[in-house]
Amino acid sequence: MRIAVVLGFLFAGAYLVAVLEARLATGRLRLAAPGWAAMALLGRESVVPRQPDRLFFETAPALLLIAALLAAAVLPLAPGLFITNLATGALFVNAALAYVLVALLMAGWGPDGAYALIGGWRFLGQLIAYSMLIVMPITAVAMRAESLLTTDIVASQTGLWNILYQPLGFVLFFIAAMGVAFLPPFDLPSAEGELAGGVTSEYTGVRLAVFRLGRLVLVITLSAATVVFYLGGWLGPVLPPWAWSAVKILAVSATMLLIGHYLPRIREAHLLAWCWKLGIPLALLNIFIVGVMVLVWP
Amino acid sequence: MNNALAQYGVLLGLAVGTVGLVLSLYAAARALGRARRESGKDVPATSGRLARDPVWVRYHARYYGYALLFLAFDMEMAYMYPWAVVYKQEGLVALLDMGVFLAILFLGLLYGWSQGALRRQ
Amino acid sequence: MIAGARAGTVSGLRRLTAAAMARDLHAIIVPGPEVARARGLDIESAGLQIAATPRHANVLLLVGPVPRELGDAVIVLYAQMMRPRAIFSLGASATPSPLPHADVTADLSQSGLLDGVTRLRSAFSRGAFRLGVSDFDAPALQIRIEYTCPMHPEVVQDQPGSCPKCGMNLVPREASASAEPHHGAEHATPPEYTCPMHPEIVQGEPGSCPKCGMNLVPREAGSADEHAQGHQDADMDHGDMGFMSMVEVTKDLPRSPDGLPMDWIEVPFGPFFPGLPGGLLLTLTLDGDGIAKARAQSLVGGSGALPASGMGAADFVEHLSASDPLAPICYRLLACRTLEAAAGQAPDEEILRGRIAAMERERIASHLGWLALFARQIGFGWLLRRAASLQLQFLHADIKQVMALSPALQALIKRLQRTPLLKSRTAGIGRMVPDTVLRGPVARATGVGDDARSRDKTCSTLGFTAVSRDRGDALARLHVRLDETRHSLALIKAAGAIVLPTPVDIGVISGKGEAAVETPRGEARLQLTLDNGRVIDARLDTPSTHHLDLVAPLLEQQELGDGLTTVASLDLSPWEVVQ
Amino acid sequence: MAVITLQTFFIALFGIAALWFGVVVFRTSSMMRSALALLFSQTALGAMFLAMQAEFLGVLQIMMMATEMSIMAIFMVMFMMDPGGLGEMDMTHQKRLSIAAGVIGALAVSGVALFAHWGPTATVAPAAAEQIRGLGTELLGRSMIIFETAGVTILTAMIAATAVAMPVLQRKKTS
Amino acid sequence: MSPDLLTALIVGAGLFGIGLYGALSQTNLVMIMMGVELILAGALVNLVAFWRFLHPESYAGQMFVLIVMTVMAVEMAVGFGVAIARFRARGSVEMEEARELKG
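Protein sequences, first through last, are from chains S, U, H, B and R. Position one of the first sequence corresponds to residue 1 (my numbering), numbered consecutively onward. Position one of the second sequence corresponds to residue 299 (my numbering), numbered consecutively onward. Position one of the third sequence corresponds to residue 420 (my numbering), numbered consecutively onward. Position one of the fourth sequence corresponds to residue 999 (my numbering), numbered consecutively onward. Position one of the fifth sequence corresponds to residue 1174 (my numbering), numbered consecutively onward.
Hint data in this document are derived by calculation from the structure and do not stem from the laboratory. A couple of the hints might just be wrong.
With a straight-line Cα cutoff of 35 Å, these simulated DSBU-like cross-link-like pairs (lysine-lysine) come out [said to hold, decoys possible]:
| hint | chain 1 | residue 1 | chain 2 | residue 2 |
| --- | --- | --- | --- | --- |
| 1 | H | K833 | H | K819 |
| 2 | H | K584 | S | K277 |
| 3 | S | K277 | U | K386 |
| 4 | B | K1093 | H | K584 |
Short derived list, chain H residues pointing at chain B, Cβ under 8 Å [said to hold, decoys possible]:
| hint | residue |
| --- | --- |
| 5 | D677 |
| 6 | G678 |
| 7 | M681 |
C-beta: ideal position from N, C-alpha, C; glycine also.
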């Protein structure tokens, strides 16, 4: 029951993200649009390119969805409302998200098409850029909570949300989260103007539908992670806890999409250079600052 | 103890269930008909040209300088998580200890930077 | 009913998905969305979403007649779309030869588009599935399997076997059926000869390379596209090797600047690549995601040839105006001016001013269209939508509407100057030095203030001053164009009215004339010869013709995304390229 | 008292998966498949660690190997002759010797495992949260020097890799 | 002894055997490294099993696992560094060729 509620929430959130995405792309708000689009994809043909690595081509969309769902499985929406509550929750989120990379590499390699291939390898470069900025800010969060349990992490923010306690970490994590979900301006692997769709360019019909579903769930998952780690999870006055989680998660997703809408795509060389030459030193600084603060003012 | 194992079971079940969901979607799509095999349809789309050559060739990834450093630098997280959990309880010792560790790693990063590893090759 | 329907009886789930497809139309546009917008079509407000690849499209939208050279590419696009797929033709009833007839045809106008989309929807919801569909096939899609060695691409034969050079099993590869089979002594097409170091040198007989003096090596005509250029060292000889040596394989490969010899692949970007103007074919030899070599060509450029009997003056004006759908008014103006120069006539000042206003209005619209295309290339969603909608409003605006739109345009320009990441995205990309072949905003971005308008008296009286920036990169080109739109607004305001250029009656005269017009892409010049009132010879010199040749050297060693940004920032119009 | 429990079943299941993927690594000619097979072999090991209730180590293994083996994949594709495996090329030598060595090695180690006296086995593992804390205390306590040595090792590796891999000419130009 | 420990140790032995085969039979530096990775993975399984079933109270066992993981990462970083250098110099990472070219 609990699991069904969480899954229902995730898919409903993914649907709303799709509505917003369609709104930004077409300029019109149509609540039914993603539903019709999914239905239409189901009805269209779905071909496998000739001489592909068929195993990879077929596995990638499902793996993307599984990775996104597993990462969401350790994120609580309210006290007691979670799929699992692993003792290593904060680490497990990272572990599951690492398979987003694997899925995209497979999707890039599988079809034996130039645009997809370049997209896949680009995402590996992107991971090398953002990965440390996911891991290190989460470490700082765990330092404050003295636990990797996601419920403990939310509980540790009772007095002051982490976005205020460690704003630097929040900024880094937020940017890196957009990188994981390959949302604009970090949509290097699936860029339309550079690779005509990149890793998604050979997916059609129902396979494309699964791929897009995976991507949407991934966006919701990353928003949920941001909320749990930095925005106090379910904490908040008046409203019931689950409502707070819902509001915050949707707000974070919307922010992610809107930011991308108003920015041009980043260059890969810049992404790598900025993340390593600026991001990692800042993340280390963040750990140090939080370290001192935890000792001085717990 | 069983609690933890049960949780892993739930995660495994979630993964298997997702595979089931995906397969049932594929089955629904299959029920609507198979894709017709037509010439040119299954060639990877390159904006109006039939590019039939295989592209699985030795790929020049220009970020290999970063990749080398990343392989080593990535290891730091294995130590940082257990450290973060006991940080508050251990106090200053932990701060100094990890400070030294991270400073050592950061030296490596600086070395790589100075040698031109941190750029597009 | 649509020709590209899926097979199956209409019932249950199929009916539901057909209804969904009617509500979810994704179009791939031929020749490209920028042409559709320049013709005043608002594709997205009509309910069609613009797809980046034929894989994700279910509507093939033909805007105007398809140029002959794009025929094969359109066939490939159609073949690569998933069923159910429909052809929607605006302003032309005929489709390129083996394609089925257009499922829906409509006038080339916004109302025609809207009407057509309505019919398209009902065609989908009624006919997405039907019994007895036939496969689509065309000669352009035929393939032939040939066998090649993965390590020695020059080894190609029709039968499977092992490589004579290294003994590896040959792998099957697809080649276009029209190319000549590799085995067999006689060649229907004669071999051509090319230099191993300079693949651009190709000639019909053996000889030595004019660039380096090396002996030219023979190559199958028409096979150039199938081989990555890095592999063409046909005289590599290691037949006596005992085992397969990678040292041998890689020693002759060209190396990247960092010294690693990798494989190069040749990838087409175009003619329907999102983010590049439709009809422009960019063939990039990629070394990883870096560009090793580039080749740019226009598939839709005209030859400039006129019918032998010549053309009437009014027809000529229409002909020239239609030659570039991206700047029709400027070319109309160019034709009119040249005819007037030949006839020695000049319209009165009022008309001259009005014409300049029309040209400047087109400049604004064209620059906005470029912004939309550029935004698509650099993945800037907001700018794409904003610039496209402004372009459509400016396209046919009268003077009052132009003035009313002015604040919105100014706001857009201001906003762009404040956008984070835009500067880092464009600065330093595609840097050019001042060069005499450069024209228009591209030249002015290198610090050269040359502008045909500064030689025009009427323009000067309206207070025209040329803008220039000196960085020479994509950012400078962006800034020049933004500044130009501002100046254009001022010019239109000063001119006071917009008058479309119409030819004055030149009578039955003979003579030569020459004129120049600063089109949005730079100065276009026209020389023509009149014989008894008919145009018998016309020589057109356009900016994109020259800019196209610059693409190849400019792109070398750039990152793929940067290279495409460079091309987009040049604002090429493949239509005006004179071949 | 050898009872086959569900736990044993899953340990064996993931163990067999790890072995099978390990075999695939050397049996496919596609380099990408080879690298990803190694990845999934390591992932299966991680799952096996979870089944053995070493939660932190299991999750860590699953996470680290995903990124490291993906990077391995790009290096494979960079440096192998035919990364797509289209040529079915044989890239091995001294096959018989190697198989013999592999089999004998595996048998010898299993023999040790079978016949050594391991003494009584623990049935109860500490709770997962406790494990992380325990490991943290260990890091900052008795194993502190080991931990710092690991840091120095990583530093050495970073320096060695950079110094070897970066082209000499470029090195002079920068800095 | 428990079947769990035995299973784990046999899996470790199997990985060791496969890795040994790979390291000996492959001609390519990168493939040899994959063999070494598998050998190290076999060591990892054994270490985790020993910790779990023999000394769950001592975290030195887990510490060993972390060190082996570090060794894996270090081996990969240095190995690929060498591979890049070799490839740049010779255009190949085949060990066989390395030997022949020298001698």
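Right, here's what the structure says about each hint:
no.	hint	verdict
1	H:K833 / H:K819	22 Å, holds
2	H:K584 / S:K277	48 Å, violated
3	S:K277 / U:K386	29 Å, holds
4	B:K1093 / H:K584	24 Å, holds
5	D677	6 Å, holds
6	G678	5 Å, holds
7	M681	7 Å, holds
Violation of the numbered hints given earlier is confined to hint 2; every other hint is satisfied by the structure.
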